[in-house]
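Chemist: Here the structure of chain A is known, so what remains is to put chain B in place on it, guided by the hints.
Protein chains in written order, with this note's numbering: chain A, 69 to 377; chain B, 69 to 377.
Check before you lean on any hint, since a few could be wrong.
Since the list can't tell identical chains apart, any single copy or any two copies may satisfy a pair.
What the hints assert, rightly or not - Computed list of lysine to any residue pairs in SDA-like fashion (alpha-carbon distance at most 25 Å, straight line): (1) Lys184 x Leu215; (2) Lys157 x Phe85; (3) Lys184 x Cys110; (4) Lys184 x Ala92; (5) Lys157 x Thr272; (6) Lys184 x Gly93; (7) Lys184 x Pro91; (8) Lys184 x Pro361; (9) Lys184 x Asn87; (10) Lys184 x Ile89; (11) Lys157 x Arg96; (12) Lys157 x Lys184; (13) Lys157 x Asp167; (14) Lys184 x Leu211; (15) Lys184 x Trp271; (16) Lys184 x Glu318; (17) Lys157 x Ala142; (18) Lys157 x Arg372.
Source of the hints: derived by calculation from the structure; they are not laboratory data.
2 protein chains.
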Amino acid sequence: MPEPLGTLTGPTPASPFANGIAPAGWRRPVRPRVGHIEFLNCVPLFWGLARTGSLLDLDLRRDSPDGLSDALTAGELDIGPISLMEFLKHAGELVALPDIAVGSDGPVMSCLIVSKVPLDQLDGAPVALGSTSRTSVRLAALLLSDLVGVRPRYFAAPPDLDVMLQDAPAAVVIGDVALRAALADAQRLRLHVYDLGEMWQEWTGLPFVFAVFAARRDFVAREPQTVQRVHQAFLASRDLSLREVDAVCEQAARWEPFDAAILRRYYMTALDFSLGPRQLAGIAEFARRVGGPDAGFPPDVEVRLLSTP
Amino acid sequence: MPEPLGTLTGPTPASPFANGIAPAGWRRPVRPRVGHIEFLNCVPLFWGLARTGSLLDLDLRRDSPDGLSDALTAGELDIGPISLMEFLKHAGELVALPDIAVGSDGPVMSCLIVSKVPLDQLDGAPVALGSTSRTSVRLAALLLSDLVGVRPRYFAAPPDLDVMLQDAPAAVVIGDVALRAALADAQRLRLHVYDLGEMWQEWTGLPFVFAVFAARRDFVAREPQTVQRVHQAFLASRDLSLREVDAVCEQAARWEPFDAAILRRYYMTALDFSLGPRQLAGIAEFARRVGGPDAGFPPDVEVRLLSTP
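Only chain A is shown next, with the shape it has when bound in the complex (with noise of 0.2 Å):
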């Protein structure tokens, strides 16, 4: 059994009370709110809770990547996952759990611009940008245009391939629509496929975080143990989703448009789930690229991380 995941809020300890029973006043300790993302690539993440037993020592909120984001920030949430965007933005409040994150050192089949055109053709071209991303529209524009060297006009659209490239040479698209692009779609539209994951890693030698775990600075300061506790049932979780990483795909692809191989192949040499010394380098990086009033964070934004025992 794991240990407790949370700590206790009210005034008295939980257990063992006097016959067993809390004393008058006694108020139910709060389990720890922890958001929930139902995207593909963070299942191993969330996998192995259901298997370890965390899972009820968890508050868990299912909800968009936005969703979750507004509500870390927003003080209604305690830890979860957050788009690297978003958490640079709120650097100051939130702390980014260690050797846990998802990204990629190389190809991550995921996040790509997919076109019509070789991309040095896409100069003040309309560039359709996926409405559901917010790190990887960041990179992609800033890969076209201090990598590649073209300056598009990028507008927002739904994430439709079809319906994307009807009204522009190229899109930026994640997930689902990523993947069914690189692997199907490319061929049979004759499109140009570029990775995000790659170019970034061809061009500065790091690996790019796509998404990280953060905790509120608030939080980390009133439960420390909580933090700790839940830092450790994701890490636990995470490999054991590694270590039976065919049963996750087995099980994933009940509910995937893939199946279990492919899931196997992304989850194993795609994505990269860990957050390290290269994979902060690979951050401070991007930060260092992009930072400005316009990204709403400065180029040499501190990225904290939760100090561990």
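Modeler: Here is chain B on its own, set in the frame of chain A:
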């Protein structure tokens, strides 16, 4: 790994896809929407879901008993726990899952009449009814009128024993308030404690069922295999919880006002998580005694039980 809990609602089989990717027009299969009550008496029914991994194949929706009951009868939930009174009122739309329920075959510990005087002195007296209870208050009124032979004047009150007993000589309480009343307050306040499960069992010789698990009939017709799988998942969860009851109680005691030993006694000697012929006879007997226009169902209300292979 557990069997898949959902069936497809989309037009194409999920997997294997040609080349591993769903074709255009594929619709994401929908997980069954299953209700989750965080009441102490339901912990053993849900605990195992977070150990077997079944949780990942469910769209689990947490709410109050009233909220879940409304959602189930409105078709916004497919399967869930529902109090016996609400189930009987909506028996025409629902099917009970066999072999699983929340009841007792004797003292239940958590559904009580707490009184300053013997019950036969309550004729015409005010009696406070805990406002979160549906079935227990109806059972208490039945026992007082037909077994004890008194007709108190009932009024609804928030479930706070001290407040309830300021305005009345007796109160009907459930859940934490009742457990605490039975185990601690009764002695302290020199109160009489009457256990509704025990009174019913001594009166009728039958177990009492406070809540069942029900599926919507239209959902059973549409996705019979899904319902079977969810049913199996709950049975497996309950069985695992009872096998590992010490772990369940230790984990639950972190968040509840009772220590593990009290929870163990509650789960292993008070509650009855089965629904077999004797429990069904208890339901029929209760319906026969309280059914009528006021109850919202006839005395001979038909209880449909899910057919299992």
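Chemist: For each hint, tell me whether it holds in the structure or not.
Modeler: Structure-based check of each hint:
1. Lys184 x Leu215: The answer is within: 19 Å in one copy meets 25 Å, while 82 Å across copies does not.
2. Lys157 x Phe85: Neither, since 45 Å and 41 Å both go past 25 Å.
3. Lys184 x Cys110: neither (30 Å within a copy, 56 Å between copies)
4. Lys184 x Ala92: between (70 Å within a copy, 20 Å between copies)
5. Lys157 x Thr272: within (22 Å within a copy, 66 Å between copies)
6. Lys184 x Gly93: between (67 Å within a copy, 23 Å between copies)
7. Lys184 x Pro91: This pair counts as between: shortest inter-copy Cα distance 22 Å, intra-copy 70 Å.
8. Lys184 x Pro361: Close neither inside one copy (33 Å) nor across copies (70 Å); limit 25 Å.
9. Lys184 x Asn87: This pair counts as between: shortest inter-copy Cα distance 23 Å, intra-copy 73 Å.
10. Lys184 x Ile89: between (69 Å within a copy, 22 Å between copies)
11. Lys157 x Arg96: neither (34 Å within a copy, 33 Å between copies)
12. Lys157 x Lys184: neither (33 Å within a copy, 61 Å between copies)
13. Lys157 x Asp167: within (21 Å within a copy, 53 Å between copies)
14. Lys184 x Leu211: within (17 Å within a copy, 77 Å between copies)
15. Lys184 x Trp271: Within one copy, since 23 Å is at most 25 Å while 80 Å is not.
16. Lys184 x Glu318: neither (34 Å within a copy, 60 Å between copies)
17. Lys157 x Ala142: within (13 Å within a copy, 42 Å between copies)
18. Lys157 x Arg372: Within one copy, since 13 Å is at most 25 Å while 56 Å is not.
The structure fails to meet hints 2, 3, 8, 11, 12, 16 from the earlier list, while all remaining hints are met.
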